[in-house]
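Q: Residue numbers (the numbering used here), protein chains in the order written: chain A, 1 to 167; chain B, 1 to 167.
Treat each hint with caution, since some may be false.
Note that the list lumps identical chains together, so a pair holds whenever it fits in one copy or between two copies.
To be verified - Computed cross-link-like contacts, EDC-like style, restricted to lysine to aspartate or glutamate with a CA-CA straight-line distance of at most 16 Å: (1) 156 - 143; (2) 133 - 102; (3) 44 - 116; (4) 156 - 141; (5) 44 - 76; (6) 86 - 65.
Keep in mind that the hints were calculated from the coordinates and are not lab data.
Keep in mind it's a predicted model, so treat the numbers as computed, not measured.
Protein chains: 2
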Amino acid sequence: MLYPLRTYLIVSGRLNSIVNVMAADWVIVLSANPFLIGVSISPKRFTHRLIREFGEFVVSVPSIDMVNDVWITGSESGPEKLKKVKFTFIPSKSVSTPSIREALANLECRVFDTRDYGDHTLFVGRVVNYSFKENVFKNMEPDLSAGFLAHIAWNKFTSFSDRVVFV
Amino acid sequence: MLYPLRTYLIVSGRLNSIVNVMAADWVIVLSANPFLIGVSISPKRFTHRLIREFGEFVVSVPSIDMVNDVWITGSESGPEKLKKVKFTFIPSKSVSTPSIREALANLECRVFDTRDYGDHTLFVGRVVNYSFKENVFKNMEPDLSAGFLAHIAWNKFTSFSDRVVFV
Numbered sequence: 001m002l003y004p005l006r007t008y009l010i011v012s013g014r015l016n017s018i019v020n021v022m023a024a025d026w027v028i029v030l031s032a033n034p035f036l037i038g039v040s041i042s043p044k045r046f047t048h049r050l051i052r053e054f055g056e057f058v059v060s061v062p063s064i065d066m067v068n069d070v071w072i073t074g075s076e077s078g079p080e081k082l083k084k085v086k087f088t089f090i091p092s093k094s095v096s097t098p099s100i101r102e103a104l105a106n107l108e109c110r111v112f113d114t115r116d117y118g119d120h121t122l123f124v125g126r127v128v129n130y131s132f133k134e135n136v137f138k139n140m141e142p143d144l145s146a147g148f149l150a151h152i153a154w155n156k157f158t159s160f161s162d163r164v165v166f167v
Numbered sequence: 001m002l003y004p005l006r007t008y009l010i011v012s013g014r015l016n017s018i019v020n021v022m023a024a025d026w027v028i029v030l031s032a033n034p035f036l037i038g039v040s041i042s043p044k045r046f047t048h049r050l051i052r053e054f055g056e057f058v059v060s061v062p063s064i065d066m067v068n069d070v071w072i073t074g075s076e077s078g079p080e081k082l083k084k085v086k087f088t089f090i091p092s093k094s095v096s097t098p099s100i101r102e103a104l105a106n107l108e109c110r111v112f113d114t115r116d117y118g119d120h121t122l123f124v125g126r127v128v129n130y131s132f133k134e135n136v137f138k139n140m141e142p143d144l145s146a147g148f149l150a151h152i153a154w155n156k157f158t159s160f161s162d163r164v165v166f167v
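Full structure from sequences and hints, please.
A: And the structure:
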C-alpha cells in the first residue's frame, strides 16, 4: 500500500576484488544534518554480507532506461549476475566501494548503525560524499525528464509524470 | 539526490481528544513479516510528541488531489492547521489514532522501536491493521490512475506517468 516506491541500486564490495549490486526499494532519508540514509536488506542477500564485511555501500540512482539491468540485479542474487549487466564501475571519491558511471547520482555511505528489524536489516549510512549528473540535479532539484525509476509491483516499473504541481 | 520521493500523511493522537497530521517523505518499509515500517520525524514536530505519548500512528496515503491540504500539514506545525484542511477523521480498526477517510490507504501502526538518528527520530511501527480503497489496490497492486503523490522539491509535487514498463 506504500507502493509505487522509488527503486535504487545498492553497490557493495571493493572495486578490484569483489563487487555486487542489488536493486532496493526500501530506502529512506533519516537525517539532514548529519546526512544519514537507511537501506533495508534481507540477510539472504550477498549484499548484506558485503556491507557487513566492508562497512561501506553506495546508493546509486538509476533511470528508467536502466530498468532491464535493474531487474536483473533485483531478481538474482550474487555477483555472477553482473556479467549480464552494462554497469561501468568507477572509483568513488571517499569510499572504496565503487560508484556506477551510468547512474544519475551516487551517494557514498559509511555504515553508521546496523539494526535488525523483522526479516530485514536496516543499514544506516552516513553520506560521506556523492557525485551526480549536473544536468539532472540543477540547483539540487531533480529534473523529471531524467526518468527516475519507480517500482509498481513485481515486474512492473514506471517513472514520473511531466506534470508539476506548484502549491 | 534521492528525490522525488513519495509523500505520505502521518496521523497521531486520539480521535476524540487531540489529533495531528503531518506530511512526511521519509518513510520506509523495514520488514515484510512481521510487517514493519519506519517514519523519520524531527523532534521539533508536534507529531513527534504525540507518537511518543500514545505509541501509535497511522500512515495515510494521499492522492495528488489532496496536495494543497498535504502542503498545509507539511509546512505548518501543530494541530491548529487542521482547521484549514478538509480531512475527515474516522476510527481506525485496531489503533485509537484515527484514519483519514479521503486517503487511498491507511496503515495502522503500533510503535515497535524508537531510535534517534542525527536530527530526526526513526519511529518503527508494526502495521497491525489497514484499510484501503479497493479500486486503487486491486490484487494489492497500486493503480496509477489514483494519482499517488510524490514530492520533487519544496513546493513542487507530481505523480506517476501512465506508462508502465514490464521487464
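Q: Give a verdict on every hint.
A: Now the hints, each set against the structure:
no.: 1; hint: 156 - 143; result: between (22 Å within a copy, 11 Å between copies)
no.: 2; hint: 133 - 102; result: within (9 Å within a copy, 38 Å between copies)
no.: 3; hint: 44 - 116; result: within (13 Å within a copy, 27 Å between copies)
no.: 4; hint: 156 - 141; result: between (26 Å within a copy, 10 Å between copies)
no.: 5; hint: 44 - 76; result: within (12 Å within a copy, 42 Å between copies)
no.: 6; hint: 86 - 65; result: within (12 Å within a copy, 39 Å between copies)
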